[in-house]
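We have chain U already, so just place chain S on it with the hints.
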Amino acid sequence: MTIVVSEDDEDADYSPFAFLESHVNEDVLNVSHDYRYQKMGYYVSMHAEMCGCNVTPRCSDILDTHRNPLLMIRASRAGIPCLPYRLITGYEKNIYPALCFAVNPYTCNSVTMVKSESQMYRTIKSLSVNNRYPVSVQPLLGEVREAVQVFGETDMPEARAIARKFYETFRIPIGKLVLQVVDGEARLCHFEPALKKEVDWGLVREKVHAIKGL
Amino acid sequence: MKIGCFVEKYNFHTREEAGTLRLFKSTAERKGHSFDFIFKKDLDRIVEYDALFIRATTDPMNTAYVASRMADALGMVVIDDPHSIRVCSSKVVLDDLFRQNDIPSPRSLLFDGDYSQENLRRIFGHLGFPIVIKAPYTKFSSHVEKAESEAEFREIAARYLRHATPIVLQEYMPSSFDWRVGVLDNELLYLCKYYMPRGGWKVKSLVDGRQQWGRVVPIKRKNAPGRLADLAIKITRCVGDGLYGLDIKEIGGKFYCIEVNDNPSFYMGQEDAKDPDLYERIIDRLASGRRVRPGTYRLGEAF
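Protein chains in written order, with the numbering used here: chain U, 1340 to 1553; chain S, -8 to 294.
Bound conformation, chain U alone (with noise of 0.2 Å):
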């Protein structure tokens, strides 16, 4: 048996407030469409594992995924197709075009394409909080395109293969894939919450429950 605990109320069997409170021994499949360390959704898995449960997500593959250098580890060695990446703690001249990532504690959907010297001076002072975190850059390679994959699945034709093996890698079930196209084929380049309004409610239902058998 699986229990589901959700913020979708017409899916849930716990939702998240209620679910702390709670002890439970069976699998748990935990939908949100944010999981970062100290939110709600991180907590539900923490939790979960707590009570020995079996929990998609894990908080080890959350924890992973949203950090930039750990996500291209993982995903590299999962053979989704990557960008390499490099971490800076500091300006350096030469490196754009780039894809900039914020690899600190306070920084959320930081994405940032640079593409002059000034804008990657300011950039790295700015991800980087002052030199205090480093920065993970990719170089830009193609077009920039998000997807929101929702248990493997997404609307964008180029970005099927890697949804489908994200979630089979990290099972993550909502979240956001950011991607470059490179010569028509997509590459990997980082993984961020969500908004509520970007997914397909009706498309989790459905995969809901047909994992809960209904």
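No lab work stands behind these hints: they were computed from the structure. Certain hints may be false.
[To be verified] Keeping only pairs whose Cα atoms sit at most 20 Å apart, straight-line, the calculated EDC-like set for lysine to aspartate or glutamate is: (1) S:Lys(-7) with S:Asp33; (2) U:Lys1546 with U:Glu1360; (3) U:Lys1378 with S:Asp105; (4) U:Lys1546 with U:Asp1522; (5) S:Lys193 with S:Asp238; (6) S:Lys32 with U:Glu1497; (7) S:Lys16 with S:Asp266; (8) S:Lys213 with S:Glu162; (9) S:Lys32 with S:Glu7; (10) U:Lys1432 with S:Asp33; (11) U:Lys1464 with S:Glu(-1); (12) S:Lys265 with S:Asp50; (13) S:Lys16 with S:Asp268; (14) U:Lys1432 with S:Asp35; (15) U:Lys1464 with S:Glu143; (16) U:Lys1515 with U:Asp1539; (17) U:Lys1378 with S:Asp103; (18) U:Lys1535 with U:Glu1482; (19) U:Lys1378 with S:Asp87; (20) S:Lys(-7) with S:Glu7; (21) U:Lys1535 with U:Glu1492; (22) U:Lys1378 with S:Asp50; (23) S:Lys195 with S:Glu141.
Please read all numbers here as calculations on a predicted model, not as lab measurements.
Same frame as chain U, now just chain S:
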């Protein structure tokens, strides 16, 4: 054996902490290992090492977690390992660890912002005043405050709930000192008493408008009270066989665990004063090739 030590600039700000890092390095080199400091700009170089020792402040949101997870993914011995960081960094997780393993600790409740009269009556009835309010990410006594009244409770809780939900509420247990028990590999490593500063109630307290630390009194680990040592080992067996610093209160002859720190601080002349072999034992553990294993309380992990 090539040992990397992940540090940040602030680890060298005090003479005592910088001295400790030098001692780790000289101990490792005396035993025939190389010991290099790795800063965040060198994260990509972690792959060059056999073991990683993390001294920078750990938290799943800090760079140190990325370093730990990278090293772990590469199959290296890493102290602090990512599992220990995830368990010990969140007071919400620790609260659950104590509950599920019958670890004596102050009475506590989670609070998610339900200010209904019924819920507040339940909280105040169970914990009484003053109530200790902790953000899940508290470090070095920061983000821990004491509420003497409902009004104070509401003000502090609202402030902490802006950044995290839920937060931890605990009964107040006054004491003049906390035991700090260092444990490595589920064996006692060192022992200290961390005293509260005069006029304060935490080891780092705001007294007369200034943040002040209490004094540290080292004690030989072989002189640790038996029940204190037993409790410390029982707790670390739940977390893992890495390096931990436990804060334990002694009240009326009974011991209560307050926190388990995955990244205990070392200051030359304090923690190492009575058991200076702690450097050698930590280096030996890093060089053993034996990875830190999670304890009985296991959160899922894959790489």
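To see whether the hints hold, each was checked on the structure:
About 15 Å separates the Cα atoms of Lys(-7) of chain S and Asp33 of chain S, which keeps this hinted pair within 20 Å; it holds. Of the pairs offered as hints, the one joining Lys1546 of chain U and Glu1360 of chain U is violated, with about 26 Å between alpha carbons and a cut-off of 20 Å exceeded. Simply put, Lys1378 of chain U and Asp105 of chain S have alpha-carbon atoms about 17 Å apart, close enough for the 20 Å limit, and the pair holds. Taking the CA atoms of Lys1546 of chain U and Asp1522 of chain U, the gap is near 32 Å; set against the 20 Å cutoff, the hint is violated.
The straight-line distance between the Cα atoms of Lys193 of chain S and Asp238 of chain S is roughly 11 Å, inside the 20 Å bound, and the hint therefore holds. With a C-alpha separation of about 34 Å, the suggested pair Lys32 of chain S and Glu1497 of chain U falls outside the 20 Å cut-off, and the hint is violated. For the hint pairing Lys16 of chain S with Asp266 of chain S, the CA-to-CA distance comes to about 18 Å; that is within 20 Å, so the pair holds. Between Lys213 of chain S and Glu162 of chain S the CA atoms are separated by roughly 31 Å; this puts the pair beyond 20 Å, and the hint is violated.
Restraint check for Lys32 of chain S and Glu7 of chain S: the C-alpha separation of about 25 Å exceeds 20 Å, so the hint is violated. Of the pairs offered as hints, the one joining Lys1432 of chain U and Asp33 of chain S holds, with about 18 Å between alpha carbons and a cut-off of 20 Å not exceeded. The straight-line distance between the Cα atoms of Lys1464 of chain U and Glu(-1) of chain S is roughly 18 Å, inside the 20 Å bound, and the hint therefore holds. Only pairs whose Cα atoms come within 20 Å are accepted, and Lys265 of chain S paired with Asp50 of chain S is rejected, the gap being roughly 29 Å.
Between the alpha carbons of Lys16 of chain S and Asp268 of chain S the distance comes to roughly 14 Å, so the proposed pair stays at or under 20 Å and holds. Distance hint between Lys1432 of chain U and Asp35 of chain S is fulfilled; the C-alpha atoms sit about 19 Å from each other, no more than 20 Å. Under the criterion of a C-alpha separation no larger than 20 Å, the hint pairing Lys1464 of chain U with Glu143 of chain S is inconsistent with the structure, at around 38 Å. Restraint check for Lys1515 of chain U and Asp1539 of chain U: the C-alpha separation of about 12 Å stays at or below 20 Å, so the hint holds.
For the proposed pair Lys1378 of chain U and Asp103 of chain S, the alpha carbon gap of about 11 Å is at most 20 Å, so the pair holds. Restraint check: the Cα-Cα separation between Lys1535 of chain U and Glu1482 of chain U comes to about 25 Å, which exceeds 20 Å; the hinted pair is violated. Taking the CA atoms of Lys1378 of chain U and Asp87 of chain S, the gap is near 17 Å; set against the 20 Å cutoff, the hint holds. Using a Cα cut-off of 20 Å, the hinted pair Lys(-7) of chain S and Glu7 of chain S is violated, with the two alpha carbons roughly 25 Å apart.
Restraint check for Lys1535 of chain U and Glu1492 of chain U: satisfied, since their Cα atoms lie roughly 16 Å apart, inside the 20 Å limit. About 15 Å separates the Cα atoms of Lys1378 of chain U and Asp50 of chain S, which keeps this hinted pair within 20 Å; it holds. The hinted pair formed by Lys195 of chain S and Glu141 of chain S fails the criterion: a straight-line CA distance of about 24 Å is larger than 20 Å.
This entry does not satisfy hints 2, 4, 6, 8, 9, 12, 15, 18, 20, 23, going by the numbered hints stated previously.
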